[in-house]
Each structure stands twice: as structure tokens, then as C-alpha cells.
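Dock the two chains into a complex; use the hints.
Top line first, the protein sequences correspond to chains W and X.
Residue numbering for the first sequence follows this note's numbering, starting at 1 and increasing by one per position.
Residue numbering for the second sequence follows this note's numbering, starting at 1 and increasing by one per position.
Don't read these hints as lab results, they were simulated from the structure.
Keep in mind it's a predicted model, so treat the numbers as computed, not measured.
Any given hint could be a false lead.
Some chain X residues near chain W, calculated using beta-carbon distances under 10 Å [claimed, not checked]:
no., residue
1, N84
2, Q88
3, G121
4, Y208
Beta carbons: idealized from backbone N, C-alpha and C, even for Gly.
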Amino acid sequence: MNSRRAEILSLTLEHLWLVLIATGVAALVAIPGAIALTRRSGLRGAMLGVASILQTIPSLALFGFLLPLPFVGGIGRHTAIIALCLYALLPILRNTLVGILGVDPAVRESAVAMGMTPGQILWQVELPLAVPAILAGVRIATVATIGTATVAAAIGAGGLGVFIFRGIATVDSATVLAGAVPAAILALLADGGLEWIEKRLSPA
Amino acid sequence: MVGQAIWSPAKRRPEGRRQGEAPTPLAWHNNHMSAAVLEIRDLSCRIGERWILRGINLEAREGETIVLLGRSGCGKTTLLKCVNGLVQPAGGEIRIEGRLSSDWDPIQLRRRIGYVIQDSGLFPHWTVAANVGLVPKLENWPLAAIEARVHELLERVGLAPAEFAQRYPRQLSGGQKQRVGIARALAADPPLLLLDEPFAALDPITRYELQMQFAALRAGVGKAALFVTHDVREALLLATRIVLLKDGMIDVVASPLDFRDARTSEARAFLASLNHGDEVPSNPAELPSSPVGQIE
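If we strip away everything but chain X, and leave its shape as in the complex, we get (with noise of 0.2 Å):
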């Protein structure tokens, strides 16, 4: 603990604004300002004799959003699960903000890490303001300053604070509920997201608002962001960059433009999933082009 007290986020959030803010901190992020937010080298994982993941490469600054795209058992969930060791890697080394992992204390790491999984994860027992202000709370910070930081977050997520911050999960919809995830994932300021299909159980209509939010969400926060799906049209709509995972290893990794011309046979089979299954938009380089101008 000790170790990790001269750069914990308590010192790094904007909020904490506590007496003799140490510089070193700040010269800290500045020396690393262009480094990968997340680094993944040669990452392996397997459960028993079955390799989940292999020779996985994988890199995300500041700002961009790096979508993991594949069919359902294909490990792109396992790949989330080793950056915030909720399930640990055979081999190969994953660094957060410049450090390896494995010489992260778990805990503080994780509160570096915002997530965001399909189900919300809320928890019932708390109001939306208690579960969005949860990672604060667990730093320690002072009270005033969660309430004002749950109160901004759930404007920026377009909950009114006054009608939804004393409400229970149970008393939401699963896009607010959803909104109520992202907010809480936001709490801390954490410099890394991860992101677990967390649209994949909503209505179209509502989705396609989230995405759209998200997009936004994202551009304005600077983070980077590591989005699993099985939707290849949520790919090319939300990703700077996607990478196609198949049977645990890379496939593809491109932009979204560049994601259409892709000739494996596991990107042609995502997009013939898109030209078939849609009928609108007929055209699907309209997708990606400029969402956030899209909003409300």
C-alpha cells in the first residue's frame, strides 16, 4: 500500500483537490501522456487443457476505443477479464498506464479501470446515486465531493440527478439502468474502460441511443476504451479501431473503414451478417460517419 500511495488515483482525480497536491503525480501522467493507456503483449489465457486466448497483441491510447468483435466463445470476454484480473492470463504480460500488472495491487487497479458489463451489475439494495458514487466512496472521498461528482455524471449520461438520483435500479428502465452503468464506471475518472456488450440487451431504438451517447460520452472524456460485441455494426459505428477475434486469437485489426475491405473469412462473414440482416440503412458506409453530430 505504501508503495502505491505517491500516484494513487485519490491524488490524480481533478476532485481530489486535497492540500499539498504533490507534483509528482502530475509530472507522472505527463511523462506517459502519449504512452498506451493499455498494452498487451503475447497474452495468453486457457481454462484447463482449452486455450481461450493466444499471441494476443493489442494496444489503446488515450481517446480511442479499440472494439473487440466475435462470435459468442471466442474469448473477446475472457480478453476483458485478464485487463482487470478477474481471470488470470497463462502467459505474456499486460500493462496499465506504462506498469505490468502483475505489480498492480488488484484493488487499486481495478479502480482504475471502469467497467461496464450487459446485465448493469447494479446493485439492487443501493439508489442510483449511492451505486454511481460507489468507487468514490471506496477512496475515501469526501462526501461533498461524491455528491457533486454523481450529480455531473448523471447529467452527462441524461439522467436528471433531481427525478433519478434517490431512485432503485428496480425502478428503471434497461437503458437507464444502463446509463446508470456507464455513469458509474465514469466515477472515479478511471483512465481505462471496459465495456462487455453492455447494449446488447436493449431494445433497438434505445441501443442505437446509448451508442450514440457513448460516442459522444467518449469524445468529450478522453479515454480509452475496450468495447466487446457481437454486433459488427455497433463495431463500425463506436470503434476507432476493430479488432476481429476468432477461436481466442487476432484476426483482423483495422479501422472501420479499413474493416470493410477485410478479406478474411471471418470479417466477410461479419459483414454479410450486415447486408443481409439490415435493410436500413442499404448502404453501410453511412454507419460510422460523424455520430456524435447525430445526437438528440
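Okay, chain W solo, but in the shape it has when bound (with noise of 0.2 Å):
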């Protein structure tokens, strides 16, 4: 009992791990990017749509995808990663848009007319008026990560999805809680503080 302890804790950091990672990369990337996209709306459809294709990809053809393939592929965590930082993209992406480009048009053009510069307008004025809907995104892709990242054990990236193939494969309806109910858990906390952060870092 105790090891199964062990191993319920050591698979839950790990999957917390992979977790964090993915979406960290997904908001490192999906962020900049989405304030670049508020300056070209050329762009801005093809890529909101590269994205949503992504994610309408099934995370297990996904992995499967990914395993050929040289360098990103491969048996382990860094194709997991990849693959869950994808599926993460698109919240963060359509989020962070709609919270510079929902930025009340009066509040821009006298942001402007008063002489800010384009540098001072998106650090002074569009990134904080946006926090909200960011912080939105990267909750809405980290709670989706969690359930997403069981998938990952398939290729042998490790986590909580470990306990639920296992359970599956031997009929064994406890191992797989094993791995679902700290998973559920893990994503109750993450919304909630995530929602926590949301709402301090949130303009008054």
C-alpha cells in the first residue's frame, strides 16, 4: 500500500511536470504571438485556424503522429510535450487576441492622441486591460493539459495516464482511479488557482 503511495505521488509530479512545461512553452510562444497577430489581421485568421485544426486532431493520433518523425519524434516525454503544447496553443492564442483586440477603441485612440508610443500602448494599456482574458487562455489550457497528458503514457512519456492504461490492461478499475482521481484533483486545484491568480492580477 505504501509503495502504491509512492508511486501515485511520483507519477502525479511527473505528470504536474509535463503539464507545466507544455503549457509554459504554449504561453511563451501563443502570447507573443497572438500580440504580433493584433498588428498584422492578415495573419490572424490563417493562424487561428492553423491552430483550431490542431486541436480537432485526437490526442492519441496525435502522439502517433508525432512518433515517426526525426528530432520532435520518438518513444518518451519531449514528444509528449510537444504534442500537448499543440493542443495547448489555441486557448492561449484566441484568448490573449481577444483581450488586446476587446480593448475599448476610446481607450486606444486617446491612448494614442496623447502621445504614447506603440511600445508604451501595449505594455501601459493592452497587455494589462488583457491580463484577465490571458490568464483566462492559460487556465482553460492547463485544466485541458491535465486530462490531455493521461493520453501520454501511450508513448511512454510517464504521468497518471501510467495507472489508467495499466488498470485498463489488467481490468482493474482501482489502479485506473489510481490514475484518474489525483488527475481530477489536479485539475480542480490548477482552475481554481489559476481563477485565484485571475482575479488578483486582474485591473481593478
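See below:
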């Protein structure tokens, strides 16, 4: 029983690690990407389209696609992280875009008219006002990735999916639950925690 | 940037008494004392194939309030935006403080022009004090100077600093927001103000109050102002000169007194709206008389 507990803990940490890296990298790509897209309306539709299509690919299939690829593919954690990252892109990208483009036009116009530079407008006006939307996107991405990451065990990435796949193989629902319940708790905690941060960081 | 440093706003504003205040900017200022703050020559502007403005000639001197009057879509807002470079004109020239607008760095130019719009455009995530202190902060005034200036301006627009400085825009009424918007526009002591229907969204009583206060404020600060409105009553009340726009062209230029005798159909239409729309006062001739005296 004690060894089971230790395994749950270590797989939970592994799971968390997968999720943190994947959503972290996705945020680092999607937020600056979205900022760039707010300046180029022509590319906006195309990029959102690509991100949407990525998200429609079933996760197991995406892991399958990535496996044979050189550099990004192969058995193991990095393949899983790349796939999870691709899934996390869309919500963050879309929410950042919506957040920045949703800034009251009168506010943006007066920022320009008062003689703020584009950089000042971005950092002092647009981004602070978009923070709630951006964080909401990160939250959605994180919670979804916690779920999707269980599938990553199929390509040897570890995490709580290990219990789930083992339980399915041995028709042992207790083992399935040993993976599913911690994953659900993680998702709830992440949701609540990020919501709290969102509220704290929201402009008055 | 280097070329502008000699007479950058930071050195010309009264609060910016830094050591070694160069005599150059003051001399420059004196030379142009009598010149127009704003000169517009043969300005035209179009969006796509449609001409928004044609053949606009206009001048605004210190202490003058030019009211651009016209129906929606007559080009009055576009004219305003041409002045601070939010819209690029198709032809003609605009001089601000004697200098061609194309010779100004657009960022520096906008910091020399106060701007007030109907929706106030206050930053919702900044306090009233931060909003008012925006341009001084962009111009790197010392913090103490910004604070003093904000305090002074809030008092001047009738908002007690102790009560309002730390509020956020969402905690203000519409009239209070517009007051803050005016204070923000005046913050860096710009020689020119652009106002785009600043009082249009207010209830009639608040609007009248703010109009009165604006008239008093203007008398005190001696700035040139370009004031856009579709309200002929407001034009008669506040203008030193009324410029009536019709379909992107100037229809009438007249003092408020002479405007009531203007014979063009557009001017008649505006005056008719005044006579039929308002019961009180019955005689519009009484409107523009010494508004300053009626304050508070």
C-alpha cells in the first residue's frame, strides 16, 4: 500500500511536470504570437485556423503522428510535451487576441492621441487590460492539458496515465482510479488556483 | 529627437523649471505670440474614393475656441483627427505653432495637443490621478511636479483631489469622467486643445454645468481650442468663432452673434432646430451672453 502511495505521488509529480512545461512553452509562444497577430490582421485568420485544426486532431492520433518524426518524435517525454503544447496553443492564442483586440477603442484612441508610443500602449494599456482574458486562456489550456496528458503514457511519457493504461490492461478499476482521481484533483486545483491569480492580477 | 530637444515641451512648461532653463524656447514663444497656434490651409482628406474634407482653411489663435459645427458625417471629427495625425490628410497643410505637421515628430506633436473625446477614453485600470498625470509622466516630469500638477488640475475642473485622486474611472459619473478627461488634456499645458463632442453623452444639466465651467476654464488658460459638436446651442454658447461644415466643406464662418444671421440653408436648418427644439430660453439671443458670470 505504501509503495502504491509513493508511486501515485511520483507519477502525479511527473504528470504535473509534463503539464507545466507544455503549457509554459505554449504560453511563451502563443502570447507573443498573439501580440504580433494583433498588428497583422491579415495573418490572424490563418493562424487561428491552423491552431483550431491542430486542436481537432484526436490526441492519441497526434501522438501517433509525432512518433515517427525525426527530432520531434520518438518514444518518450519530449514527444508528449510537443503534442500537449500544440493543444495548449489555441486557447491561449485566442484569448490573448480577444483580450487585446477587446480593449475599448476610445481608450486606445486616447492613448495614441495623448502621444503614447506603440510600445507604451502595449505594455501600459493593452496588456494590463488583457490580463484577465490571457489568464483565462492559460487556465483553460492548463486544465485541458492535465486531462490530455494522461494519454501521453501511451507513448511512454509517464504521468498518471500510466495507472489508467495499466488498469485498463489488467481490467482493474482501482488502478484506473489511482490515475484518474489524482488527475481530476490536479485539474480542480489548477482551475481554482489560476482563477485566484486571475482575480488578483485583474486591473481594478 | 535631437532636433527637437531645443524646444521640447519639457522645457517650455512652467513647472519644468530645471536648472539652466534655456532662453531659446522663451524667445521662440515670444516671437510667435501673435501667430496662430493652428493654421490649416486648403486641407483635404479622403477615405478610399470618398472625399471627407475639401478646401478647409482655418486658423485658431491663443484664447480662441473654434467650434466645428455640423451634422453627423460632415467630416468634423476627421478634421480634428487630421490635426493630431490620427488621420492622414490627402492634401493641404497644417501648421501647429507655426510648424508644419509633417515636420513634427507625431509623438511629440500629440503631447503638445490636449485631446478630449465623448467617451472620455480614460484608462480603466488607472486611478484618476494617474490618468490626469499621463502626459507629464510620458514627458518624464519629476514625480512631485506631476503630483502638484494633478492636484491643481483636479481642483480647477471642480473635483476635490482628496476625494477623487485615488478613484478609478468606474467609480465616477459621466460628468466626472469628462472633467477628468479635460484635466488630462490640460495636464502638460498644451497650447492647443481638441475636443470631440466632449459633453454630448451627458444629461442636460451636467452638460450645461460643464459647458459653463469649460468657458470659465478657457478664459483662464488662454489656449486655442478646436471644439467639435452637432449641438448649435453649445456652439453659440462656447465659440469665439463658429465654423459650420457641410459635406466636408466650410459652409459658414461667423462669430456666434453673426451666425444667427447666416443665410445658408444649412445654417438656417441648425438655427431652426434651436428655435423649435427649445422652449427655454425663448430667445436664443440671450444664450451666449457672459456665460462665465453664471458659474457656481
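Hint by hint, here is what the structure shows:
Here the hint on N84 (chain X) is kept, as its CB sits about 6 Å from the closest CB of chain W, short of 10 Å. Because the beta carbon of Q88 (chain X) sits about 13 Å from the nearest beta carbon in chain W, more than 10 Å, this interface hint is broken. The criterion of a C-beta within 10 Å of any C-beta in chain W is met by G121 (chain X), whose closest approach is roughly 3 Å, and the hint holds. At its closest, the beta carbon of Y208 (chain X) sits 23 Å from a beta carbon of chain W; the interface hint therefore is violated under the 10 Å criterion.
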